[in-house]
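Colleague: Residues per chain, in single letters:
There are 4 protein chains.
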Amino acid sequence: PCLTSRWTVMANFKGHALPGSFFLLFGLWWSVKYPLRYFNEKVNKKSHRNHGYQRLDVIEGAAKIIFAVIGMLAEQFVPDGPHLYLYSGEERTWVKLMNWQHTTMYLFYGLSGVVDVLTYSPLKVPLGLDRLMLSVAVFVEGFLFYYHVLHRPMLDKHIHSLLLIAVFGGAFGILLEVFLRDNIVLELFRASLAILQGTWFWQIGFVLFPPWGGPAWNEEDHDNIMFVTMCFFWHYAAALLIMIANYMLTFWYSRNFLKKINKSKTGISYIHSSSWA
Amino acid sequence: PCLTSRWTVMANFKGHALPGSFFLLFGLWWSVKYPLRYFNEKVNKKSHRNHGYQRLDVIEGAAKIIFAVIGMLAEQFVPDGPHLYLYSGEERTWVKLMNWQHTTMYLFYGLSGVVDVLTYSPLKVPLGLDRLMLSVAVFVEGFLFYYHVLHRPMLDKHIHSLLLIAVFGGAFGILLEVFLRDNIVLELFRASLAILQGTWFWQIGFVLFPPWGGPAWNEEDHDNIMFVTMCFFWHYAAALLIMIANYMLTFWYSRNFLKKINKSKTGISYIHSSSWA
Amino acid sequence: PCLTSRWTVMANFKGHALPGSFFLLFGLWWSVKYPLRYFNEKVNKKSHRNHGYQRLDVIEGAAKIIFAVIGMLAEQFVPDGPHLYLYSGEERTWVKLMNWQHTTMYLFYGLSGVVDVLTYSPLKVPLGLDRLMLSVAVFVEGFLFYYHVLHRPMLDKHIHSLLLIAVFGGAFGILLEVFLRDNIVLELFRASLAILQGTWFWQIGFVLFPPWGGPAWNEEDHDNIMFVTMCFFWHYAAALLIMIANYMLTFWYSRNFLKKINKSKTGISYIHSSSWA
Amino acid sequence: PCLTSRWTVMANFKGHALPGSFFLLFGLWWSVKYPLRYFNEKVNKKSHRNHGYQRLDVIEGAAKIIFAVIGMLAEQFVPDGPHLYLYSGEERTWVKLMNWQHTTMYLFYGLSGVVDVLTYSPLKVPLGLDRLMLSVAVFVEGFLFYYHVLHRPMLDKHIHSLLLIAVFGGAFGILLEVFLRDNIVLELFRASLAILQGTWFWQIGFVLFPPWGGPAWNEEDHDNIMFVTMCFFWHYAAALLIMIANYMLTFWYSRNFLKKINKSKTGISYIHSSSWA
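Protein chains in written order, with the numbering used here: chain A, 1 to 277; chain H, 1001 to 1277; chain P, 2001 to 2277; chain W, 3001 to 3277.
Mixed in with the good hints there might be a few duds.
Residues of chain H clear of chain P, computed beta-carbon distances all greater than 12 Å [stated by the list, open to error]: (1) ALA1062; (2) LEU1084; (3) GLY1110.
Cβ-to-Cβ under 10 Å is the rule here; a few derived chain A residues that face chain H [stated by the list, open to error]: (4) LEU127; (5) PHE227; (6) VAL228; (7) CYS231; (8) TRP234.
Hints were generated in silico from the structure; no laboratory data involved.
All C-beta atoms in this analysis are idealised placements derived from N, C-alpha and C, irrespective of residue type, glycine included.
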């Protein structure tokens, strides 16, 4: 597509950078939160786990809602956004459907946040619904992308279809969490794929809408396709290294600090934890 | 396809409105029934649950059989239906295969109803077969649609292929219910997808066969495709909001009425339930 | 394809009728065996189940081996078969690859029979391997068919691709049996798909190679495709009705005969069983 | 592609023979290791299993790392390799992307080895992460192959796409092992698919890059495609026969030697084991 306007390029770049940052933030947060809870459980023998982490889940849900609202407002009210107009009666055409699609994507993440918050309300929402709703939100994102890219140039199509691996992989993993709740392996998998999505959104922005100008990539060069494929997996390798680093930091932190706290609380739990270290 | 006759349009519209209404009815019913049973179990500690709900399951099975028979008769005996003729010897052609396909779809839902009823008969049908049969019926619907749309105009194809997401998603969820019976999360998921199917059948009717005339949609406009994709997920968002509303109404109802009934029945169960509220 | 020779038509017809009969035989046998075991268990409280049914499993395995050997010999040594020649050095071409493919299919069912027999040998093969091997055999059949039909006329392709639904559905169900062994629902599902495969193989034979001559079907007529799709699901509906009939016959038989045998054996088991009827 | 240089042919042949040997080695090793552990457990009643086999797992992880490093170095520093150059600024092209792709594949197997080793370090990595990481490595291999073969001649495409059956089948099986750890059926399945991958890599080398010259295969002959499909499944049949042979050898070995060792250790365990034989 011929992007004549400098402004459109920046808008599109930011349209990828914003969700990328959201995913990255959540991924990094999960890569610290879940190991921390895991070590804490090992020390405390699963006795008084729920209180602190339930509060965290509610805050996470609220953050999702806030991010989703920011995303929706940004997509609607940027200068060349649809400003909530869907159909132009004069021109008999739909208005800025791309922005509406992104709005739809944010909407489902917002709904997922709502279910997260309701889960810890007095409504006694069945456990697992929050995971199912998150999985649905990720599936919706995946389907929207799938239909979104059907009629695009080759490189554009390919770079988005690689994202689908992360999206559907993540959606499937979260679906398993409905039935295997609090499974640390699945939670770390989710975190790694969220980081991957985050960095890949940024990468898409840089490849398709280079923010500092410069020549665009040749969209039909087969070698570019091959490189982009590899590059995607290098992103994942990087995400895995970040996960390992965060895991080790958390391990070191929980060994040195959490245990001291527990020691001062109860002598008995200290005896158990010493056999663990 | 050039639909010259006003009658054909109405027939096709009704052909989508009828199954749409059936799915909507079942979806809404499930969105009330399962939360109600869930709250009831919480109060009653799963002790005397089965009696009332087993009877409901038999009635549901009977309703499925009746709906399926209505659907089959409607498809066969509408004025331009096949009237049970399958092959025309004179013209050496098949007769009204579209109606026969819809008949086949209803047939499997009818069989599912039969297995539902047999499950609570003295035949002691193994638990889970009813869910498997329902899953098979939904899969059959999905495969029929899949082959049905292969050679249609783009918009027609797309609008039906979106339905396949709801159909195969539902079939997969019900398959899980074979092994995870009475799982409230899966049951609510089933309810939400049934509502989605119901409203989407109506939407298909309105888009492809506008009942009040008016210009037909441009079937090859890519923007229409994009809008329809989004529209599908808005339907699902609406279905989820209906689910949440029904859940809350049921919660309020069961809190105020069910508990009083239980209180009058046994003092002991009241003590438990008060700790739950 | 122009089938000039009457002989080739018969050969091809028989090539579909033979495996069809094998599948049908196994499907019908399973539709009686599993309900019988299920009722027997209900009466006997799972106490002395394994002895009789283990012997049956060994016999089944042996039957599989025999059928597979018959199938392989038939494919190789029919008058226009390859007679174990694979490559013709003179003509520099492969010899009768179709027959070799069918031989391969039978080979894996034979291997599945071998593992069945070994499971009850003193080798102590881990339970579940027999199911895995059967699942692999069905998957291999599916993949062979999948690649087999890629370059055929439309009707031929379609009629075989419908078979893939039964094949991959069955392979997936048997895969689940690795982990959920002796699950009556999965076993009945397997039986129903085996019957479907059996009757559909016969149907393919009649459609593509009409044994009593007559005009061949128009392979490019879209209405034929639509009819064949429906017809496939009618076969499944018929298979389900056969399953229900066999289930009821078995129920009636086990109620009247099995219980009397148990009664004469032990008075205690009779008391339990009477509460079951 | 016209391979004019004799050297390129040998390089490509070796590029398939090297990973083929790695997979074959691991597959054969697993086909001995897991039955051995299984028999050992049967004798020892699962009491002191972990010690010896944990050490083996660490050694396996180290072997994976070493193999991955060898593979990466070989791909980078063969005479016509990229020597770590990724982009040629002068020619404005990517350098030897094929070798870089293979390097990426080895990288993930290396990461899997790292997680294997970390699992038994004092870091207390959650059990299951090692299997997940191996599954991810196999999935990455699969996706790389999938995109790798999109624009190749028919036979090349087909012969690699058959490999995908083994790759994705294996990845899926290993994914199940995350949740069903130490399941002997899944472990034997993994071993059989590793052997299949190994021999098939060699086969690809012989077909596409005949090392002793000779005429290349006709890449567009449909009969070659059909033969190759069958051939793939014959490889699997051979892999299964190797598995059965290794199983029997292990059985015989563990019966004659392991039991004597146990007998000399404890008299009690002998009593149990004698009832097992």
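Colleague: Hint by hint, say whether it matches the structure.
Modeller: Taking the hints in turn, this is what the structure says about them:
1. ALA1062: holds (17 Å)
2. LEU1084: holds (14 Å)
3. GLY1110: violated (10 Å)
4. LEU127: holds (8 Å)
5. PHE227: violated (29 Å)
6. VAL228: Hint on A:VAL228: violated, closest Cβ of chain H at ~25 Å, above 10 Å.
7. CYS231: A:CYS231 check fails; min Cβ-Cβ to chain H is 28 Å, beyond 10 Å.
8. TRP234: This interface hint is violated because 32 Å lies over the 10 Å limit.
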